[in-house]
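Trainee: Quick mapping for you: the protein sequence lines, in order, are chains S, Z and F.
Its first residue numbered 9, the first sequence is counted upward by one per residue in my numbering.
Its first residue numbered 28, the second sequence is counted upward by one per residue in my numbering.
Its first residue numbered 58, the third sequence is counted upward by one per residue in my numbering.
Since the hints were derived computationally from the structure, they do not count as laboratory data.
Do not take every clue at face value.
If you want the footprint, here are the derived chain S segments under chain Z, 3+ residues with CB under 8 Å [as the list claims (entries may be wrong)]:
1. 76-88
2. 121-134
The following residues of chain S were derived to be distant from chain Z, with all beta-carbon distances above 12 Å [unchecked claim]:
3. TYR43
4. GLN47
5. HIS50
6. ASN59
7. GLY105
8. LEU150
9. ASP151
10. HIS152
11. GLY162
12. ALA214
13. VAL255
14. ASP259
Each pair of labels, with its calculated beta carbon distance range [said to hold, decoys possible]:
15. GLY44(S) / LEU311(Z): 49 to 55 Å
16. ASN285(Z) / SER225(S): 56 to 62 Å
17. ASN31(S) / ALA130(F): 37 to 43 Å
18. ALA340(Z) / GLU218(S): 37 to 43 Å
19. GLU218(S) / LYS116(F): 40 to 46 Å
20. ASP259(S) / GLU206(F): 25 to 31 Å
21. GLY38(S) / LEU358(Z): 29 to 35 Å
22. GLU218(S) / ALA41(Z): 55 to 61 Å
23. ALA207(S) / ARG53(Z): 41 to 47 Å
24. ARG47(Z) / ALA207(S): 39 to 45 Å
C-beta: ideal position from N, C-alpha, C; glycine also.
This is what each chain is made of:
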Amino acid sequence: MGWPFTSANVLRKDGKMSSQEENIKIRTSGVTVHYGAAQALHGIDLDIRANEVTALIGPSGCGKSTFLRCINRMNDVIEDCHFGGKIEIDGEDIYSGEIDVVELRARVGMVFQKPNPFPKSIYDNVAYGPRIHGLASSKDELDHMVETSLRRAGLWQEVHDRLHTSGSGLSGGQQQRLCIARTIAVDPNVVLMDEPCSALDPIATAIIEELIEELRSQYTIVIVTHSMQQAARVSQRTAYFHLGHLVEHGDTDRIFTNPANKQTEAYISGKIG
Amino acid sequence: MTDRGPQKNDPIRAARQAQRLKKRYRKERRFRAFGMSAVLLATGILAFLMTSIVYTSIPAFTHHNLTLDVTIIAEEVDILRDDQGLVTNVDANWLGFVRTALRDSFPEVTSRRDKRDLYKLLSIGAPDAVRDAVQADPNLIGQTIQVRLPLSDDIDLVMKGLIDRNLPETDRLVSDRELAWLDKFIAEQRVSENFAIQLFANGDSREPEMAGLKGALMGSLLTMLVTLLISFPLGVLAAVYLQEMAPKNRLTQIIEVNINNLAAVPSIVFGLLGLAVFISFFQLPRSAPLVGGMVLALMTLPTIIIATRASLASVPPSIRQAAMGVGASRLQVIMHHVLPLAMPGILTGTIIGLAQAAGETAPLLMIGMMAFIVDTPTDVTSKATVLPAQIYMWANNPERAFVARTSAGIVVLLSFLLLVNGLAIYFRKRFEKRW
Amino acid sequence: MGSEHIVSSFDNDLAELNHMVARLGGLAEQQFAAAVEALETRNTSNIDAIVEADKQLDKLEFELNERAIEVIARRSPMAKDLRRIIVALRVAGNLERIGDYAKNIAKRSRVIIEHEKSLGDNVSIARIAGLTQQMINQVLDAYATGDAELAMDVWDRDMDVDQLHTSIFREVLEQIGADSERVSAGSQLLFVAKNIERIGDYATGIAEQIYFVKHGEFPSQTRPKADDSSSSAIDQS
Chain S
9 MGWPFTSANV LRKDGKMSSQ EENIKIRTSG VTVHYGAAQA LHGIDLDIRA
59 NEVTALIGPS GCGKSTFLRC INRMNDVIED CHFGGKIEID GEDIYSGEID
109 VVELRARVGM VFQKPNPFPK SIYDNVAYGP RIHGLASSKD ELDHMVETSL
159 RRAGLWQEVH DRLHTSGSGL SGGQQQRLCI ARTIAVDPNV VLMDEPCSAL
209 DPIATAIIEE LIEELRSQYT IVIVTHSMQQ AARVSQRTAY FHLGHLVEHG
259 DTDRIFTNPA NKQTEAYISG KIG
Chain Z
28 MTDRGPQKND PIRAARQAQR LKKRYRKERR FRAFGMSAVL LATGILAFLM
78 TSIVYTSIPA FTHHNLTLDV TIIAEEVDIL RDDQGLVTNV DANWLGFVRT
128 ALRDSFPEVT SRRDKRDLYK LLSIGAPDAV RDAVQADPNL IGQTIQVRLP
178 LSDDIDLVMK GLIDRNLPET DRLVSDRELA WLDKFIAEQR VSENFAIQLF
228 ANGDSREPEM AGLKGALMGS LLTMLVTLLI SFPLGVLAAV YLQEMAPKNR
278 LTQIIEVNIN NLAAVPSIVF GLLGLAVFIS FFQLPRSAPL VGGMVLALMT
328 LPTIIIATRA SLASVPPSIR QAAMGVGASR LQVIMHHVLP LAMPGILTGT
378 IIGLAQAAGE TAPLLMIGMM AFIVDTPTDV TSKATVLPAQ IYMWANNPER
428 AFVARTSAGI VVLLSFLLLV NGLAIYFRKR FEKRW
Chain F
58 MGSEHIVSSF DNDLAELNHM VARLGGLAEQ QFAAAVEALE TRNTSNIDAI
108 VEADKQLDKL EFELNERAIE VIARRSPMAK DLRRIIVALR VAGNLERIGD
158 YAKNIAKRSR VIIEHEKSLG DNVSIARIAG LTQQMINQVL DAYATGDAEL
208 AMDVWDRDMD VDQLHTSIFR EVLEQIGADS ERVSAGSQLL FVAKNIERIG
258 DYATGIAEQI YFVKHGEFPS QTRPKADDSS SSAIDQS
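Turn these sequences into a full structure, and let the hints guide you.
Mentor: Put into structure tokens, the structure is as follows:
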């Protein structure tokens, strides 16, 4: 497939053409969202590449969380929320009638701002997803899945001897890693993270950022963050949202050293307007 | 409050501030005093009420009995044996044996009227005591046995001091002669005070000393069971539907408003409904715990629905979102996460609802559970009465001995409620999870 | 310059850095002008003062370095702010080296003045010095206003400086060849000319940095070089 089939924004400012290996995992076209009469997103066209971390930045109320929630259709449960446009994951339109939302959410996992482990044991927290989706055929297999997830989330060492104690007994950072383990236990393709570190202290944040870097090799990650420094640290691509519009997006390095748009420049430099 | 000018206004402002502070503290103290006195008043009244009821009920828990030597004449006893030769039933004129024993104690009593008065010393349940003794041990046939026979209610009251011996005979319920016989028995140490097992072992009776709560207790239990089995699942499921699944439109709002109104409907209306629909239209048996349970279930339903909805709403949305994020369907979210977390609140609502229902009498009046029922109900379709109804009926009874029994009934009802409460709290604690 | 930061002390920090660069630039300009003047007026009285004043320049550059590091640590600057601070560091370094060359010119001028009663070819030195002074002046203005076009104008003129230097180099060589008495003064003059040419190069370097701040990348054309002195030789016949 030649370059007309990849989206125009892939022609980079330094004149280099994106190579065919950079496959697009999620493609959004003209995404609009209304909450009742108020419009939250105005025609977003953004491509998310596979096995990359894409950061969504912007001031409060700019629509980045709304956009994130469109990708796993969590907005469906909000009354009076209307979606327009198209989102394709692996070429499939996820808003088409044939898609089972429940199955979609197993493929596209989500980690939330405030760690929210179930009020169950650590084991049951991680095992819940595989159980309801029937992913394990035996108890041994389930045990293995739980262990793998906890290892991948960097939590196994700390909790392997107390798997049947309550998940709420962990520290904030550990709880968030537990939520990450729970999300990856169902083996998703995409992991969405909505400000995952905003409730955590700097060290826990650093641990999770390291984890994100490790997870990148297996999952496509989209992270919404208020901290520009975090976006600069963890992501390869960054998209800047403002008042529901996608103002600019591109390679993280370029966005943070020489953004094309004045608005982007002003936001990331901490300037008014 | 920034310091604008230099030190000029400070002493005045400081003084005013100190005054305001003192006023504020005084107000706080007054408020606290009001609160305390309100609490004390409420608990005081409650304590007074409880104490007076318990005090009045004490006499009902014991009964005086007379130990007599009763001869069981072998020839007058019919013994029924089964295939293996074991005794199944003994039949005789127990009353005759008892009367003989009485006459033997006072051989000087000869006239018919006197004999009648003598026989009145004992309760009409006395022969049953003899029968029970013989039934338990058939070898006693042909012997003279010592049997503990319950005294009549008036004699019992005399023994308890509730009928004043010192009153003139015309104002007393018990004649001098009866007192004399009684005194003789007391001198012979044949009179004893024992725990009144009849209060719990017997059904209702015209005679106060024989009247017991067993029937009413069973009736209450069965009715509560029916109420619970109907109202709990219906109420919880309705609340789950309304809260979690119903679309937020006008129709749902109307339903919600109506449910809230149902909780305020006078209970007797439910009784009329029960009479008209369950008994007249569906031809269900009157006075049955089934119908009583159904009527009370209708009454309890709004309470459970409202409490369940509040519980469901109090489950933090983060838990729902987490479950949805992992790919749980709506039903799975509700069943696996929301309901278990909401359980403590749901159970609290159920306890409140059931406790209210246990004390209801008006609706049951309409469906006939206020009748005089002697037999203990065996299943939900047999005739029954409930504790509050029983208490009401005893309260209306003119016999003196029923006064203590009414209070005893209240004590039993309250204990019953406390037990139900305790059980439910136990279950609630078991379900309580921290999140 | 540009819109203000929400945290005003960040603006103050950046302004402070700019002032320090301006002071450094002024000092370097002064040093250069004084050195050239000493040579042209054959006046050695100021030379010690020039050498001494260089210490001030060094100190100022040191302070600016410290300040810039502080601002980076505290503010986590992004995009243009980041470029500005890095450029301030580089420009300060360039200006300090310009000051060093000016000091060196002054020192060598003393030898020239003491050994030569007349130098007919001062005119060329005057011309190259004048050009270079203009370049410094212009580039400092361009830095203060962020004017990349003005900076690129300076950038273009470096070629003239280089050409001038090549011709001076040849001239002096010929003069030494013609009169071997002139070798001491002549060789010092060669160095002086080279220093001035290097100062021109540094001014050009500053111009490139100014362009970088504005556009986020360096000028794509390679710097036009016209300095053939490294391959200049005369026929000794």
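Trainee: A separate judgement is required for each hint: does it hold in the structure or not?
Mentor: To see whether the hints hold, each was checked on the structure:
{"no.": "1", "hint": "76-88", "in the structure": "holds (count 4)"}
{"no.": "2", "hint": "121-134", "in the structure": "holds (count 5)"}
{"no.": "3", "hint": "TYR43", "in the structure": "holds, 15 Å"}
{"no.": "4", "hint": "GLN47", "in the structure": "holds, 22 Å"}
{"no.": "5", "hint": "HIS50", "in the structure": "holds, 25 Å"}
{"no.": "6", "hint": "ASN59", "in the structure": "holds, 21 Å"}
{"no.": "7", "hint": "GLY105", "in the structure": "holds, 17 Å"}
{"no.": "8", "hint": "LEU150", "in the structure": "holds, 15 Å"}
{"no.": "9", "hint": "ASP151", "in the structure": "holds, 18 Å"}
{"no.": "10", "hint": "HIS152", "in the structure": "holds, 18 Å"}
{"no.": "11", "hint": "GLY162", "in the structure": "holds, 19 Å"}
{"no.": "12", "hint": "ALA214", "in the structure": "holds, 24 Å"}
{"no.": "13", "hint": "VAL255", "in the structure": "holds, 28 Å"}
{"no.": "14", "hint": "ASP259", "in the structure": "holds, 29 Å"}
{"no.": "15", "hint": "GLY44(S) / LEU311(Z): 49 to 55 Å", "in the structure": "holds, 51 Å"}
{"no.": "16", "hint": "ASN285(Z) / SER225(S): 56 to 62 Å", "in the structure": "holds, 58 Å"}
{"no.": "17", "hint": "ASN31(S) / ALA130(F): 37 to 43 Å", "in the structure": "holds, 40 Å"}
{"no.": "18", "hint": "ALA340(Z) / GLU218(S): 37 to 43 Å", "in the structure": "holds, 39 Å"}
{"no.": "19", "hint": "GLU218(S) / LYS116(F): 40 to 46 Å", "in the structure": "holds, 43 Å"}
{"no.": "20", "hint": "ASP259(S) / GLU206(F): 25 to 31 Å", "in the structure": "holds, 28 Å"}
{"no.": "21", "hint": "GLY38(S) / LEU358(Z): 29 to 35 Å", "in the structure": "holds, 34 Å"}
{"no.": "22", "hint": "GLU218(S) / ALA41(Z): 55 to 61 Å", "in the structure": "holds, 57 Å"}
{"no.": "23", "hint": "ALA207(S) / ARG53(Z): 41 to 47 Å", "in the structure": "holds, 43 Å"}
{"no.": "24", "hint": "ARG47(Z) / ALA207(S): 39 to 45 Å", "in the structure": "holds, 40 Å"}
In the structure shown, no violation is registered for any of the earlier numbered hints.
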